[in-house]
Amino acid sequence: MANRILIVDDAAFMRMMIRDILTKNGYEVVGEAPDGAQAVEKFKELKPDLITMDITMPEMDGISALKEIRKIDANAKVIMCSAMGQQAMVIDAIQAGAKDFIVKPFQADRVIEAIKKTLG
Numbered sequence: 487m488a489n490r491i492l493i494v495d496d497a498a499f500m501r502m503m504i505r506d507i508l509t510k511n512g513y514e515v516v517g518e519a520p521d522g523a524q525a526v527e528k529f530k531e532l533k534p535d536l537i538t539m540d541i542t543m544p545e546m547d548g549i550s551a552l553k554e555i556r557k558i559d560a561n562a563k564v565i566m567c568s569a570m571g572q573q574a575m576v577i578d579a580i581q582a583g584a585k586d587f588i589v590k591p592f593q594a595d596r597v598i599e600a601i602k603k604t605l606g
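For the sequence shown, the positions run 487 to 606 when my numbering is used.
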């Protein structure tokens, strides 16, 4: 069975890019969310195996959403997505429980490597 992944990013274009990389590599995208608040709701509803989460989003940022999701499921697997120059936020995300991070613009091989590593 394909691993089920939730994609969270406020930019539809970025969600489309990740969805493309994932589906081409045999992963099942079970849902998408444009902000952290919706990500938490979708996580409860869909119970994905993994989440790719943008750090900077309106409503609720990725780190806050990560903390909420980890309250629901301490074993939730989340990979943070960040733009260049967000090192401090990436460190916060790792401390909050993110398993890995990928930098935009996405390199397909790096995305797949992070997902394989996180899913074991």
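Worth flagging that the hints you see were computed from the coordinates, not collected in a lab.
Watch out, some of these pointers could steer you wrong.
[Said to hold, decoys possible] List time: in silico EDC-like cross-link candidates among lysine to aspartate or glutamate, alpha-carbon distance up to 16 Å:
1. K590 - D506
2. K528 - E545
3. K528 - D506
4. K557 - E527
5. K563 - E545
6. K528 - D496
7. K530 - E554
8. K553 - E527
[Unchecked claim] Quick list of the computed label-pair ranges, beta carbon to beta carbon:
9. K533 - K553: 16 to 22 Å
10. A569 - G606: 26 to 32 Å
11. F499 - A560: 29 to 35 Å
Note that CB positions come from ideal geometry on N, CA and C, so glycine has one too.
Do the hints match the structure? See the list:
no., hint, verdict
1, K590 - D506, "holds (15 Å)"
2, K528 - E545, "holds (15 Å)"
3, K528 - D506, "violated (20 Å)"
4, K557 - E527, "holds (13 Å)"
5, K563 - E545, "violated (22 Å)"
6, K528 - D496, "holds (14 Å)"
7, K530 - E554, "holds (11 Å)"
8, K553 - E527, "holds (13 Å)"
9, K533 - K553: 16 to 22 Å, "holds (18 Å)"
10, A569 - G606: 26 to 32 Å, "holds (28 Å)"
11, F499 - A560: 29 to 35 Å, "holds (32 Å)"
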